[in-house]
Every structure is written in C-alpha cells, then in structure tokens.
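**Q** Use these hints to put chain B onto chain A, whose structure you have.
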Amino acid sequence: MHGYQFSLGSARLTALPSGALWWSEEGLLCVSDLHFGKSARFARLRGQMLPPYENRDTLERLERDILKLNPAQVICLGDSFDDMKALDEMDDSDHMWLTCLMAGRRWTWIEGNHDPGPVGIGGVHRAEQTLRDLTFRHIADPDKSLEISGHFHPKAQISAKGRSLSRPCFLIDAERVILPAFGTFTGGLRSDAAVLQEIMSPSAIAVLCGTKAQAMPMKRVL
Amino acid sequence: MNILPEKFQRWFDKKGWVLHPHQQKLLQLSQDPCALLIAPTGGGKTLAGFLPSLIELQNGGEGLHTLYVSPLKALAADIKRNLSKPVEEMALPIRVEDRTGDTPYSKRQRQRADPPDILLTTPESLALLLSYEDAPRMFKSLKRIIVDEIHALAESKRGDQMMLCLARLQSLAPGLRRTGLSATVEDPPALGHFLAQHPAQATIHHADPGPDPDISILDTKAIPPWNGAGAHYAIPEVLEQVKAAETTLIFINTRAQAELFFRALWVANEDGIPIGLHHGSLSREARVKVEAAMVASQLRAIVCTGTLDLGIDWGNVDLVIQIGAPKNVKRLVQRIGRANHRYNAPSKALLVPANRFEVLECRAALEAVRAYDLDGEPRGRGPRDVLCQFILMTACSGPFAADDLFAEARSAGPYHDLSRAEFDDCLTFCATGGYALRAYDQWKRLLQENNRYRLRDPRSAARIRMNLGTIVDTETLDVRLKNRRGGKALGEVEESFAATLVPGDTFLIGGEVVTYAGLREMTVEVTREQRKKPKIAVFSGTKFSSSTLLSHRVLAKLQAPDWPELPAHTSNWLQLQRQMSAMPQPDRLLVEGFALDGREFSCFYGFAGRNALQTLGLLITRRMENKGLHPLGFVSTDYALLIWGLEALPDPAPLLARDGMIEGLETWLAENAVMKRSFRNVATIAGLIDRNMPGKRKTGRQATFSSDILYDTLRKYDPDHLLLRLTREEAMRGLVDFGRVEEMLGRINGKVDYVRAPGVTPLAAPLLLEIGKVPIRGQAEEKVLADAAEAMMQAAGLA
Numbered sequence: 007m008h009g010y011q012f013s014l015g016s017a018r019l020t021a022l023p024s025g026a027l028w029w030s031e032e033g034l035l036c037v038s039d040l041h042f043g044k045s046a047r048f049a050r051l052r053g054q055m056l057p058p059y060e061n062r063d064t065l066e067r068l069e070r071d072i073l074k075l076n077p078a079q080v081i082c083l084g085d086s087f088d089d090m091k092a093l094d095e096m097d098d099s100d101h102m103w104l105t106c107l108m109a110g111r112r113w114t115w116i117e118g119n120h121d122p123g124p125v126g127i128g129g130v131h132r133a134e135q136t137l138r139d140l141t142f143r144h145i146a147d148p149d150k151s152l153e154i155s156g157h158f159h160p161k162a163q164i165s166a167k168g169r170s171l172s173r174p175c176f177l178i179d180a181e182r183v184i185l186p187a188f189g190t191f192t193g194g195l196r197s198d199a200a201v202l203q204e205i206m207s208p209s210a211i212a213v214l215c216g217t218k219a220q221a222m223p224m225k226r227v228l
Numbered sequence: 022m023n024i025l026p027e028k029f030q031r032w033f034d035k036k037g038w039v040l041h042p043h044q045q046k047l048l049q050l051s052q053d054p055c056a057l058l059i060a061p062t063g064g065g066k067t068l069a070g071f072l073p074s075l076i077e078l079q080n081g082g083e084g085l086h087t088l089y090v091s092p093l094k095a096l097a098a099d100i101k102r103n104l105s106k107p108v109e110e111m112a113l114p115i116r117v118e119d120r121t122g123d124t125p126y127s128k129r130q131r132q133r134a135d136p137p138d139i140l141l142t143t144p145e146s147l148a149l150l151l152s153y154e155d156a157p158r159m160f161k162s163l164k165r166i167i168v169d170e171i172h173a174l175a176e177s178k179r180g181d182q183m184m185l186c187l188a189r190l191q192s193l194a195p196g197l198r199r200t201g202l203s204a205t206v207e208d209p210p211a212l213g214h215f216l217a218q219h220p221a222q223a224t225i226h227h228a229d230p231g232p233d234p235d236i237s238i239l240d241t242k243a244i245p246p247w248n249g250a251g252a253h254y255a256i257p258e259v260l261e262q263v264k265a266a267e268t269t270l271i272f273i274n275t276r277a278q279a280e281l282f283f284r285a286l287w288v289a290n291e292d293g294i295p296i297g298l299h300h301g302s303l304s305r306e307a308r309v310k311v312e313a314a315m316v317a318s319q320l321r322a323i324v325c326t327g328t329l330d331l332g333i334d335w336g337n338v339d340l341v342i343q344i345g346a347p348k349n350v351k352r353l354v355q356r357i358g359r360a361n362h363r364y365n366a367p368s369k370a371l372l373v374p375a376n377r378f379e380v381l382e383c384r385a386a387l388e389a390v391r392a393y394d395l396d397g398e399p400r401g402r403g404p405r406d407v408l409c410q411f412i413l414m415t416a417c418s419g420p421f422a423a424d425d426l427f428a429e430a431r432s433a434g435p436y437h438d439l440s441r442a443e444f445d446d447c448l449t450f451c452a453t454g455g456y457a458l459r460a461y462d463q464w465k466r467l468l469q470e471n472n473r474y475r476l477r478d479p480r481s482a483a484r485i486r487m488n489l490g491t492i493v494d495t496e497t498l499d500v501r502l503k504n505r506r507g508g509k510a511l512g513e514v515e516e517s518f519a520a521t522l523v524p525g526d527t528f529l530i531g532g533e534v535v536t537y538a539g540l541r542e543m544t545v546e547v548t549r550e551q552r553k554k555p556k557i558a559v560f561s562g563t564k565f566s567s568s569t570l571l572s573h574r575v576l577a578k579l580q581a582p583d584w585p586e587l588p589a590h591t592s593n594w595l596q597l598q599r600q601m602s603a604m605p606q607p608d609r610l611l612v613e614g615f616a617l618d619g620r621e622f623s624c625f626y627g628f629a630g631r632n633a634l635q636t637l638g639l640l641i642t643r644r645m646e647n648k649g650l651h652p653l654g655f656v657s658t659d660y661a662l663l664i665w666g667l668e669a670l671p672d673p674a675p676l677l678a679r680d681g682m683i684e685g686l687e688t689w690l691a692e693n694a695v696m697k698r699s700f701r702n703v704a705t706i707a708g709l710i711d712r713n714m715p716g717k718r719k720t721g722r723q724a725t726f727s728s729d730i731l732y733d734t735l736r737k738y739d740p741d742h743l744l745l746r747l748t749r750e751e752a753m754r755g756l757v758d759f760g761r762v763e764e765m766l767g768r769i770n771g772k773v774d775y776v777r778a779p780g781v782t783p784l785a786a787p788l789l790l791e792i793g794k795v796p797i798r799g800q801a802e803e804k805v806l807a808d809a810a811e812a813m814m815q816a817a818g819l820a
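Going down the list, the sequences are from chains A and B. Start counting the first sequence at 7; every next residue gets the next number (my numbering). Start counting the second sequence at 22; every next residue gets the next number (my numbering).
So here's chain B without its partners, still in its complex pose:
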C-alpha cells in the first residue's frame, strides 16, 4: 500500500529516495494521540516527524498546525533550512518559521498575531508564548507537536517544564497529537509515560538500529598512567587515527581537560592538521565559528565536551574517540551514534582510558555496549519548583481555577502522582510566599476571587516572564583580552574561579594560555602569554560519577580468575592486588588498612560513584571524630574512598551502621555550600529570586544580595518552608547522591571484610596520588582568612 500522496511520491522518486520503514510507521501512526520514535541518530528521523504535517498541510491550513520543540536553538534554525527544500520543491503552501531567544522582537510580535503553519522553537520560548494573554487564540488550531531529542530533555528540569507546557497546550487544543523523537534509551516505556497525556500510553516504535558499532580500545605504545584524567600518553596514536579518518569527534568529559588535551594535540601536531575546540565555556562566536568550519568540511577533528552530544548532523564524521572512561553507557552509545550518520553504515568508535583503572572501566563499557545493556537512573518525580513556575506562568496568561490547573498538572507524566496537598503548597507559595509568619496579606502576588486566582498587579507579569526557564546558569564572567576599549571575547569562567585568581596567574582558555590582569566591572581581563605553562586549568567543578550499571559491571569483572581481554599491565596489577590483599566483591564491602609514612590509611571499596563516596567520606569521618579517631582527610574516586589519620581503625563496620546516618547527613548538609547552590537553583526556578541576566548585571551591586542570605534567614526563622524542603530533596538526589550510598549499604548488607595489609595495596595506590588535591574546608576558613589578611598587612607595611 502506498501511503504517500502522489505529489510526495513524485518528489521522493525524483530524489531517488525510498520511504524508510520508520517514516512509514510514523505516517501510519499520524492520528495516534501519542507516538514515540526511538531511532539511532541519523536515518531521516526528523523528516519522519514532519512528514505527517507536510501531508496534512499540502492543501493549506488554518492557523498554527504544528509545533516543533528542540532543546537546541541551532537545531530549530537547521531544521528550518532542511524543511524549506520539500516545501519549495513540491510548492507546498506551508509557512515554516523558527522562534527562539535570538528572534527579533518585531518578528516575535508578528508571529503571535499571525502564526505560521509550522513553528520551530525551544521549551523556554514555548513557555513564554504560553504566558501571554493571547495564548488560547494562538494555539487553539494546533494539531501536532513534535518533541525532538526528548531523551535529552527528559534528563533535566527542562523536560518537566516541557511536559507541563504540553498539558497546558492540550487544554487549549484538545485534539492535539504528540510525537516524540528519541535516541536510543534504556527504558522506552518510561519515556513514553513521560511524554503521553496521563493515563494514556504512547505508541512506541523502534527504528532499525542499523549495524552494530565498530568499537574498540585504542592501542597505545605508552602504558596508561596510574592516575589522572588527561590521557596525554595517547596523543601520538590519537593523531594517527585523526589522520586516517575523514572527520573525527574527540569527546572529553570536562572543559578543563578538553582545553589541556587540545593544547597537547597541537603541540604534537607537526603536520598542522586542522583541529578545532568546542565547549560550553567558549564564547558564542568561537563556537559558531568552529561549527561553521565543520559544516564547510574545513576541520579534520574537533575536541569537544557534552556540547556536541546533540546537534546538527554532520554526515562526514566517520570516527568518534572518547577520551577517559565514558562513565555512562547510554551517553557513550549516543556519542558513538554521532559517527557516520549515513544509514546502514557501522559507526566507528575508539575508547581511550585515561588511567590504569579506566582500562577496566572502558572494557566494561565496551562489553555493555555490545550487550545492548544501557544504564540510566530512574527519573524522579516531577520537581515542584518547576510546578511553581508553571503556576506563575499560567497566572500571567489569565485567571485560572485551582481545580483545573491541578487536573492539568496531573495529566503530565512526571506529575501524575502529584498530591493535592503538594499542589496547594506550591499554589500558596506562589500566592503569598508561603511563610509561617503571615506577612504581605495586602501585597499577595496572586489574589483569589470566586475560586479563581489572578495576578494582583498585572505589571508583575513582566518580571515572571523574564525569569521563565529552568536552566540556571552558574554565575559566569566574560574573559576578554585587555585593551582600552574592551578586547576580543575569549570565553567565560565561573565567578568563583575568577575570585581565586591573583594578577599574574595563568590559565588556559580557548586553547591558549592567558595571564590574569584584573577584573574590570564584570569582565575578566587577560593578556596573551606565549611561553608560560598554565598554572591553573580548572574552571568547571562538575565531574560525572560512573553510573550504577558501569560500577556493577566493573565489580563483576573483578571476580574473574584472570583477564585475558585486558592488557598485561592491567591484568598483572589486578593479580597483584589479589595476592597482597583481596578483590572487592559485589555483595560485601572490602576495607583495607595500611600504614605509610607515619600515617594510617583506610580504603573503602564502595563502587558507588564519586559523589556518593564523597558523601560517605563526610559521614564516616564525622563518626570517626566522634569516636576520637582523629581523621585528617579523605579523597574519593568513582570506586573507592581513602581516609587517612593518625590512628588505625579498630573495626570499620560500626562506622557504616545505617542508624543515624541520614540524621548526621542533614546536620552536615545544612551548613554546606552544596545546599546553598541547590537553594539558589530552586529559588530561581520557583520565582523567589531573579535569574542572572548575562551581561545585564549591574556593576554596583549593593542593590542585589546573595541568595545565601535568604537561605540562612529561612533556616533560622522558617525551617519547614517549601523551598527548604525542595532544596533538601534536590541536594540528596544530585551532588550528595545519597541514593547510591543507600544502594551500596543495601548491597553489602552489613558484610564488611577488613584486611590489614603490610603496605600500600595495588588498588589503593592510585588514590594516594589524588591526595593533596583536596581543598581545605569548614572551620579552617576563619584561620585562612586571618593568615592571609595578616600576610597582606605585613606585605603592605601596615602591621
């Protein structure tokens, strides 16, 4: 049966194209209320999403017909270009326009009055459209919504916001049909549930994944070092591979490592192969330039971070190199999919472990990919700070009834089990601030009349609109070359990093070494530095934790009697560990104790990821302090926690007792910077404080004050306030990762093996090299401050 109308069939024939099975399937599902297509990158996925709309609109339409939402602005613009081909070549009466934060004001105004047939946009721009009074008129004709890269959206609060907006759209246009486009994911039904209007189910279609990827570990002459994340030992072989391939994407986990690796590549790049750099700290102009060079096939390779996980398809990429352990199998698979977007050609990928332990982890990841075993933590419940923003957004567009909005929120997958009490909590917060002290009765934000809520002061809508969105940027400062009129923009660094710089410090940005000259207004001024080595390269603190699945696979690998699949340097290392001490096991916790240079070390092989083991370290050292065991410090990696002090541990088991652990955590957490950061995010999204407008921040800042003050004030006077509860929940899930501490404690179920080793054990050795990288914290702050002030007074001749 030919499903294509004649006009379309002719166009396909002229192009020499055949309808892919998944394109045909989506056409068959075009009247389905919710369809989800899971397909590896490439393969005409986007055309599959749009074909039903193009066909429905072939004889013209009335008003906005299709909304396309993508997490990337660049994708919206790219798709506009791609759609113009079929529209023009088949002479279809269809108007396609994009609308993002970059669209000019006049065009945006016009789009609201006279919307196109197909509008391409981002979740944030959609939320903004829904906040206007004319939203019901603009969206009432809407028939279809296409959510692209939904797997990526689902990983953050942007996805929760998107699904609430979908629920709102469904109320405005009851016949709306949803289509989701996703890369390979571990749990398609969960993603379907996320997308569909609850309690309906999505119809899920899996496209042919194509041939298995050709994936292996890069062979190198040099042996990987014991620790570190740079992988510079592999530079010669990486260059060889780049030379042999047409175009290579080189993925690295952090921006700082990307900078260092890029620089090292160029030092060795004697043939001057064109290689570019792309990461989130570079200026927008720099990134756009690299992307354009890539489109024009002027680059042979790009060193990049997660910024290129999504994005425009570059058909000529034929090799993906992952530097450092991938930490997460799903992300690895999606990255591998970036190589060779031509259908039915295998993607080629190489893994480069950065250190000896990562050899093991890369091997485990490779086996997981071959076994189609993907990881992913189950999605938590829809966060309520996003719900608060949704309530405010709705209030901007007009009065609403609480019952209706509650029902609407519960029709969004992530909020299907929202309780009325939780909803009312959020509504009260939006209306009055929700404080225990009843203040502002006369200045409520939302007024209640006849069971309907509305904004007290319509002018406050402007402020709410400005703060829509769930991406909370870390406070960053522009980095510019110093000259009289403000020099070339190089990129940006986090404010906290800039604050640690003193004039003369050198760091890497955009592949070049620069010297910090000073801070002018909100700009970091630097000069170029040709000779020096960078002193500091760390300007992004976030580190991924290895996923639970990968940790378990690594643990399972360690149980083998020998490891013929691993290089000799790694298998010998593991055999030595077995002889000297013991192998960590999945259902027990191995703890080693040994003495070195007059200090006592204890190593806990928790295999729970860096963040969770860091949390465990804080909890255990607290308990040690209470027992008078005087711990001096600790360091954690993805697989183990190393604590040192003056005295040996008598018995580690009581330190891991579950009783009282969560209480200890709460006390510690309340004072911690992690909480303050989480609070800032939650308070910004929920609409308590304004987000930072990049570039628009006042230079004289006495008018604004830090969210830390609000956090401290709430803790003191209103400890049960909604935002503090949300902050706690968020911190426990995110950086604290307490869930994985509990997973580990459940897995070992009290079985702790304590091995007293004669000296440093092979597995513990790399951790010793991490010591010295741990910053001081806590009570030492006052002392550091006093010492530094004293030294400066002396230097200035004032003391």
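Next comes chain A alone, as it looks inside the complex:
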C-alpha cells in the first residue's frame, strides 16, 4: 500500500492514495464528503442532467479500500449525502451495495452541512465522534486540536517543467488532518485558499492523492 504514514497525537495514521484515512491499530477507515446523490439533486433542482453514475463510481472505490483493509469500523465524515433526499432517490442496486459494505462493521455517519440529520440506512449517526485522543467532525474547529475533518475538499497544485497538475490532497499538521473529498463528483478548493491557510499551521504538508500518496509542503500564500 503506497500510503503516507504520520502521527497525530498518539495515533499512527496512513493517508491512502485513494483519499481515505487508515488507522490500523483501531481497524478504522475514514472517508469524507462522499456526496451520494449529487446528480439527482442537480436534476431535481436545476434541470441539469449530469451523468447518473457517481454513486456507483464512489461505491466502487470505497469497496476497493474496504476489501483490501477489512476495517472493523468506518467513519464517514459528513456530506455523505448531497442532501436529505439523496438516499430516497438512490437506485435500489446502489442502496443494496452500500448496505452490503456496511454489514458486519461499526459504521458511523458524522453529520455535515449537506446531510444535517439522521439518515435512514442504519449505522450510527453523530454530530461528532471521539476515539482515544482524536475527534472526528465535519468542519475543522481552529480552537480544538487532534481532530480529523473534511468539508473543504482540499486540492493541491504543483507546477513543474512547464506544466501544472492539480490533485485532491490531505492537509496535515501536528494538530489536525483535513481529508480530501472521496465522492466522484466533487471539485476542490486550492490549498492556498485563505480559509485553509488560517486553519493549518505554517509547517503543514499536503499529501496528494493518485497512484501513490505524495507528500509536499502545503502551498502557502506569499
């Protein structure tokens, strides 16, 4: 596994190239911002008919990590569903697929701004979740420490040899981790955006997703 290993508090964590976070001691897999049901919401509210394949693509990639690691526990860090109607509109087969992935493991839905209430698919529903010295929440809280969050969809840009590449990324410093969005139809916020610069310490690094997790300094505003 080409993960990037690092410590947060007493925990040894691995940032996976898929965009998921792995805590092997606890057998815990954490993903953020799955945004199930995005295309259906766009069709309903905007009359914009996006390709309706993001649920199965997200499930496929989630399944890959689950089969490889067989986690005892999965935490979804919020915005798992693009809105509260997303689950009702989900394809039967995708619904079944998700249920199968959840079977036999402790599954926690952290609430996000897109899905701020209980979802009708089982698992535990929480505003936030603490495990040992780490807290899992949707949006980072600059006043707290040792937290794992999502929400911002960070991405990093790297320029080399006259070309520029942009990838979803983890942002990591001594106090917190911000996860990239795992969902297929998600954009990104550049890591040099002011809001991210304020939350993360100057020594923060970005770990780029892709075929291998690649660490680099977080892009700073000059």
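If you're looking for bench data, these hints aren't it; they were derived computationally from the structure. One or more of the hints may lead you astray.
[Said to hold, decoys possible] Label-pair distances were calculated between CB atoms; the ranges are:
#	chain 1	residue 1	chain 2	residue 2	range
1	B	Asp808	A	Ser13	24 to 34 Å
2	A	His8	B	Asp680	39 to 49 Å
3	A	Glu204	B	Asp425	52 to 62 Å
4	A	Arg132	B	Arg129	46 to 56 Å
We treat Cβ as the ideally placed atom computed from N, Cα and C, and that holds for glycine.
**A** For chain B alone, kept in the frame of chain A given last:
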C-alpha cells in the same frame, strides 16, 4: 430606370453620390426570398444591405421590420451611427436601435415590448430574444433580415446557431426575406446554400472586386533566419514602410508573437512614431482605447492579430503588412481588403516571411492571390451540440411539437441532411440526459404531453438562457498590477498558463514586461519590470495550420527546375536539398534518414499542416514502439514531421499502412487532453454544464467540479453517450485534423521513397532547431510530480 424614390435620389444628389451597381442590384432583388452579396470590404456594402429597408419604411412601418445581425458588437453600434445620417437627413420616420450584451436591462425590456423598426444585434442576442415566450409576438411583423460578415460567421458554430435561429424566425414570420453580406469567399454557392431556407437557393450577386491588390514580399537587408516565427530581422524595413504610409495594419498570427514584435518595433522606433497594439488577450478598455485612437487618426500603425480581421472600416488605412506566412489565402485576401476602403483604389499589402521556409510559402500565397485561387475546407455538417442548444432554446419560449421542430431544423442549410434518428437523439438528450442508465425519470428536463414537449420546471429557463451561445471561452484569468485595492487591468491569460507561473517569472502583456507576483482570488497579480527580458511569452497555444491549397501550391513550386522568383538564399538552399537528397513530390512521400550526435533521425515530408502531422507523429511513434524501435520524440511543422530515436528505421512504409491507423488513434485519443477540451466545449454548448461567466466565478470552488470528471465518468459507464460521440467527431475535425492525414495518405497512395542521407539535409535542418521546444507528456507525469514534490520537501527542510 431610376430605382430610387425621389426623396432618396435627392439625398444621393446632395451628397454627390451615385448608386453603386451592387447597391442597385440589391434593390432589384429586394423581394427575393434570399439574396447574397459578395463584395470586397468597403464599397458601401452595408448601405446596400439597408437601402431596401429604408425605402420600404419611408412612410413608416408597423412593428419590427428589419433585423441586422453582425458577429461583432462594435459593428452594431457603428452601423447605428451610420444609419442615423440618412434617417435624420431625409427625415425618415424610422427608429433604429442596437441590442447586444452591453445594452442596459431596462432598455432590453422595453425593446421586447415596443421593438424599433430596425434592430441591430448579434447571433447570441438574437438566440436570447427567441428564447422568450413573447418571441412570436415580437417577430411576427419581421420582413427582412440582414446577416453581415456571413463569411466569418460560417466558419464557426456561431453560424450554425444563426441559421437555426433563422429557421425559427421564418416560422414566426413566414414572409421573411434574407440578405447576406460577405467578403470574398472561395465557394459562393456553398455560402448561398448555407444562408437560404433549404431547399431554396440564394440569388448570388458579385460586386465589382475593384482593381487587383498591389501585393509583394518585403525586401530586407537581413536574410530570414532558418526557423522561428518572430520576423524581427525585418524590423528596420517594416518601420520604413510605416513611415512612408499614412496608416498601416500589421497582422501577426498569434498573440504572443504580436506582443514580441510590438516590443521589438518600439525598441527600434527612434522617431517615436505612434504605434498601437490590439489582440484578444488585452483588456477591453485597452482595446477600445486603441480603436478610438485609430478612429481619431492618432495612430500610424497597429500591430494586431485576427481581432482586426473584421470590424469598423478605417478609411485611412493604406497599407497592410502580414508578418509570417499567411497560412491561408482567403484570410490573406480578406486582410489585404482592410487596406484602403476607398472604392476603386488598389489595396497595398506586403508579406514578411518569418523564416526561410516561409519565403517559399509567402511566394506561393502571393501567386495564389494573383490567380484568384482561394482556399477553404468544405463546411462540415451542422454540429449537433448546437442543435441540442436550439431545442432547449425553443423549449424556453414555449411547448413545441417534435415533428415541427425537426422540419424547422432541416430547413436550415447546415442541417438539411439531418436524419430523424439524429434529431431524436438530441431531443432525448435534452429531455432526459440520454443516459444508458435510465435515471431521473421523475426529474426529466422536458416533459412530453400530447406529442408536445415542454420544460418540466419553468424556472430552469433562466439557466438555459444564461448558457445560450456557442463561443466557449478558454478559462482565463485577469492580469492586474498588484496594489492594495486591485490595480490596473492589463489583460488576461489562460488559466493553464497562469498555473505554470512561479513568483518571479516574467512575461509580456500589453507590450510591457511584468513579473508574476501571485494569484489573488481569480486574478493574476503582477508588477512592472523595466529591465528584465521576458522569460515566457507564450500564453496562447493555438497555431494555425497551413491550408491544403497552400501546402499543395508549395509542393508544386518545389517541382520547378529552378526558382528565379525567389531570393538567392532560398533558391540555393533548395538546390542543395536536390543535390544532397531529393525533392518532396506531391504524389509520393519522401522520408529521409540520417544520423547526428549518436541519434537516428527520420524526416517525413507530409505537407499536411501542423496539426495533422502532429497526429501522424503520435500514430507513427506508437507503431515504432510496438516494433521495438524506441522512438524518443518528434516535432512537426506545417510541412514535415521529424522523429528521433536510437535506432534507424529499416523501412518506413509499414509505419504508414492505413490498416488499423484509425483504431490506434481512437485508443490514444481517449486519454488525451485534446479530447477533454473538445468535451468541455461540446458539453457546454449542448447544455450539460454551465459556461464560465467571466468575473462571476466563485472563488471557493469546492462546489464546481471539472468537466474532466464528467468525461472520465461517461467513458467508464456510458461510452456510447451522444456527447462522447460528438466529442470524437469534433476532435477528429479540429485539433487532430485526421481528415488531412487521410488526404495525405490518399495522395501518396503507398508510394514512399526512403533516402538515406549522409547527414542533416537542408530541408530537415530547420526542424532540428525546433527540438527542445516539445513538452514531455503521458506516463512521465507521475515522475515529474514526484520529482518536483521531493525537491520542494527538501527545499522546505521537510524531507
């Protein structure tokens, strides 16, 4: 016979004007359902178009009578000024108004409720008008439509959209008569077919083209270099010409070259002759300022790109200089027409080849102009992404029957052979998205009731209207001087170019060198840099390919025994090629092989244009890889393709076999950035994704995601989706230019001559100088990323 009413005749007499023959002809044709006037620029073409309307309206009219559509907003405003003269001086009861994206909202509202007699507008504004529920009422009185610069519209999807809108107008106003105004084109009947309501024909009238242009190649003291596109060697002579002329337009093919040439001109401009710069990357204010200075005769010359191919007539322009090979004879003729808009005076034009090979190409172009031989690729079928937008536009204005709309679309020239299956494909896409997975049954965009289609949610009309139009801008960022409150706007650069900049990089914009300071929100902030040379000047990647006609003419020229019409430096170079190797021939493919510095080079003289030879390079190097020949790289120009590697080619012929070539192309293409770019265009026009609203883009972009994700998703789960098929068709025609690869393969018909030369051949030498400008691509991406990240970690003390 006097065709002019008395009032008009008196006005002409007072002005001391005589009716031009083509103005008279258009008056005679005024009741014709479709008339097309082909005239060189100038010569009262626009007045010819409007005279029939002015006469019909001399005693007043009821409702909107005439619609004038031009590709340029500025033209609409200019014509409004010009029309006000006859209207006021003859006291005609005619209201003339313009309507473009710049017209204030309140005025636009009023125009819909109470339209003027004559409305001047653009294709995009017309599409918007047609999307409103009150379109039938507004247009039912329409009698005439004048489409100006139709030759320019016909070259892009804007023309296809325009013709569909014309079909719609014709349904709303069945007696509508069409008039097209065009510059010189290679195939007038094709343009007539494009304009007329199918299957009717346009009546075509050719105005007297006036005297032949006075065109020659600029004599210079310095010899043109072996490669490059800058033509800076010719600066002293260009300045001399500018001094001798009243006003000069200096055309250059790309924006970056225009910037560099402008700067070089000013460095040598010791007399401080006023010279301006005009291109599409400059801020609107900067361009408007230059245009105003031109109107006020404050400038002696403008360095410009295609942005001034069309536009307001400046009567005092008496010289056109084309820097670099014109690549296309028709465009050259139209540019030459920009000089001297006074009727019956010859236009004066000078060609400046940028390098040795272009000497040949300029000469070929000059001979083509003298022989009235114009080029132009035949227009393809009407693109279906534009049809999708048309269906959505129609749905915005009210329910429609599929049969009626199909018939309407087929009455537009570009869509005359549209099949019902193709139409239904587009209709399904508009209604449901057209995915193999049947989703959204409850959230369809269009609902079908009693054989009529309508928008499910009327509120979605606003989104569709916002996305009307077929011009898809590349994502650009504003460039501004850095200061606390956002400094002066200098222009814009493509986002992909901005992303490659690191603070401290210098580049040219608006004729000045600036240093990149950083990105603030969606603005590139720069500081002025007086001393340094610009590091980078490339901010527009598009390069024209030489047209098929020019390529063939150049090939034909090479067959001559000698070239007395060419300067000695060029003819000696060609003679040397003949001695050392062989001359490329039209009906065979010359391939040269030679070794240099431990590498093996192969040069294919395809003469098929830069884009097609680039595609051929990709296909051939793939085949070489499969054969274990390990190519290392290639570079292409308009006339040849140079491939290098470690091993010599045993026999080039099998590499060019047609079998399997198209399949190889499809596999390669699917992964390519060209496809993703084409997909973005197609998806935006067809209404799948929203166009970028300049300046209105959110800064926090987690809500929007790139069209690349949609492309990848469709390829994986729905590879036969309509938009992917359209994307493939578009890429093959455009940047891939596969049609010209096939033209070349057909021309040589398997006859390949392989010459093993003792060393670099004269014709191949300029290509060697191009090497090193080729960016790495493909699998190397991960490695570049890892190396760069590693280096940054080390620099930051983190590794």
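**Q** Next, verify each hint and record whether it holds.
**A** Status of the hints after comparison with the structure:
1. Distance hint for aspartate 808/B and serine 13/A: a CB-CB separation of about 27 Å, consistent with the stated range 24 to 34 Å.
2. The hinted range of 39 to 49 Å is satisfied by histidine 8/A and aspartate 680/B, whose Cβ atoms lie roughly 40 Å apart.
3. Range check, glutamate 204/A to aspartate 425/B: about 58 Å between beta-carbon atoms, so the 52 to 62 Å window is met.
4. For the hinted restraint 46 to 56 Å between arginine 132/A and arginine 129/B, the CB-CB distance of approximately 52 Å keeps it satisfied.
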